[in-house]
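So you can see what is in the structure, the chains are spelled out below.
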Amino acid sequence: MTYARDVVALARKDLLLELRAKETLPAMLLFVVATLTIFHFALPAGTGDDATLGLLWSALVLTALLGLTRAFVAEREQSMFDALVLAPCDRSAIWLAKALSVLVFLVCAELVALPAFAAFFSAVDGRTIAAIALADLGICTVGTLFGAMAVAGRARELLLPLLFLPAAVPIVIGGVGGYLWFLALYDVLFAVLAWATFEYVVVET
Amino acid sequence: MRARGPSLPALAGACTLLFAVAIALAFYYAPTDANQGLSQRIFYFHVPLALTAYACFGWGAWKALLHLWKRAPQADLESYVAIHQGVIFGALTLATGSLWAKISWGVWWSWSSDQLVLFLVLFLFYCAYFMLRYSVDAGPGRANMCAVYALFGIVLVPVSFFAIRLSHDFIHPVVFSSHGPQMTGAQFLTFCVCLAAMLVLFATLYSIELAGKRLDASLRELRELLA
Amino acid sequence: MTPSEKYTAAAYLVVFVAVLAYVVIIASKLQRLEREVARLVELAREKQSG
Chain A
1 MTYARDVVAL ARKDLLLELR AKETLPAMLL FVVATLTIFH FALPAGTGDD ATLGLLWSAL
61 VLTALLGLTR AFVAEREQSM FDALVLAPCD RSAIWLAKAL SVLVFLVCAE LVALPAFAAF
121 FSAVDGRTIA AIALADLGIC TVGTLFGAMA VAGRARELLL PLLFLPAAVP IVIGGVGGYL
181 WFLALYDVLF AVLAWATFEY VVVET
Chain B
1001 MRARGPSLPA LAGACTLLFA VAIALAFYYA PTDANQGLSQ RIFYFHVPLA LTAYACFGWG
1061 AWKALLHLWK RAPQADLESY VAIHQGVIFG ALTLATGSLW AKISWGVWWS WSSDQLVLFL
1121 VLFLFYCAYF MLRYSVDAGP GRANMCAVYA LFGIVLVPVS FFAIRLSHDF IHPVVFSSHG
1181 PQMTGAQFLT FCVCLAAMLV LFATLYSIEL AGKRLDASLR ELRELLA
Chain C
2001 MTPSEKYTAA AYLVVFVAVL AYVVIIASKL QRLEREVARL VELAREKQSG
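Taken in order, these protein sequences are the chains called A, B and C.
For the first sequence, my numbering assigns the number 205 to the last residue and increments by one with no breaks.
For the second sequence, my numbering assigns the number 1227 to the last residue and increments by one with no breaks.
For the third sequence, my numbering assigns the number 2050 to the last residue and increments by one with no breaks.
None of these hints come from the bench; they were simulated from the model.
Warning: the hint list may mix true and false statements.
[Said to hold, decoys possible] Partial list, derived from the structure: chain B residues whose beta carbon lies under 10 Å from chain A: (1) 1127; (2) 1135; (3) 1136.
[As the list claims (entries may be wrong)] Computed list of lysine-lysine pairs in DSS-like fashion (alpha-carbon distance at most 30 Å, straight line): (4) B:1070 - B:1213; (5) B:1213 - C:2029; (6) C:2047 - B:1213; (7) C:2029 - C:2047; (8) C:2006 - B:1102.
Every residue, glycine too, gets a C-beta built ideally from N, C-alpha and C.
Based on the provided sequences and hints, a complete structural model is requested.
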């Protein structure tokens, strides 16, 4: 029970910080709409729905990347990592809380992105929405872990896309094809792995 | 400090011998493929290269696990060297695969070849491993991160492979049989020898690189002692 | 040579060249280690005599 309480407290802290600073979420919203606009002009006229759906997936992955890059910046800039790691809670709780807060940002961005996509291009069906929901889980679990790694390096903003995008290839394949069971499998597999290994990624320095 | 297992000269000797036999078998013993002709012989290097690259990534992940689990002191370095070898073998897989695609299908790159696409993804993933390693200051933190990343990599291999298989359903509406043309006995024997040769090559290069890295570390220690 | 022969030869050569490149890299590393050892020997001699 204390584990759940720790997770909620940590996630609440992230969301409150965002509510005060308003840095990440507006950036994600603007980014995703701007990307869709770019895509409109990048596509030749009369492009089929399949092609635009593929672009929606690229826009979502890139937007998620933007959010993930920001995820650990506060900890890094105020060197809170050490304090967080020394806190008397299970370290995987830090990961879970961070993944949850990123998930909230991502879902908020999608609440804008999907209607915008429907207005700009074509309507999205229920299967796509379910696929996006499952993909979000995978993106947040893997992305948060890699984000914690990238932030430790010198080239942090540069590093995360390199680490994350190859791992996101199966998500995009599963998402575009609408293989919900595959996305669920991906989520479970990597969530367990990330949950088990996160404690090794954050070490007190 | 001394490495266990077979000595380096023995490995290098076995590697030379196996390669001589492998190339001789591939060109003079294995029958020429009825459909593809001579270029089918690329198979005898391409597929063993790919399998050896998997073996490298697998070995790297195993060492990473040993590092995290047993805190084996040398495991971080060993994992790094194995993944380094894996990237080299992976790059060679891409190069030979690209050549094979050119001669069989007339294009340098074919998205319908599972093996090639998977290696592209893995190549990108494991190249980022080096970016990570060189971006973080050396120490226990870096060793842990690299180990975790290596473990993710080995899980990503089957997941990506599966995903790429799935992607054919909506990108290439072509039926891919999971059983390719069956190999004849002579072809299979040649293939096995080539695979053994590649694996021993990996073991040799791995030992050489590891010996070099250990020597480096010892020299650094010696310099500190003398200074 | 037919194209088929060319590409097959190229595929095998790529591996050969990669191994040779590896030898070059290891050779340069060996040279560096050699210099390093020479320097350390010098240092050790100075210590002994001085």
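Here is how each hint holds up against the structure:
no. : hint            : in the structure
1   : 1127            : holds (8 Å)
2   : 1135            : holds (3 Å)
3   : 1136            : holds (5 Å)
4   : B:1070 - B:1213 : holds (22 Å)
5   : B:1213 - C:2029 : holds (10 Å)
6   : C:2047 - B:1213 : holds (27 Å)
7   : C:2029 - C:2047 : holds (27 Å)
8   : C:2006 - B:1102 : holds (11 Å)
When held up to the earlier numbered hints, the structure conflicts with none and fits them all.
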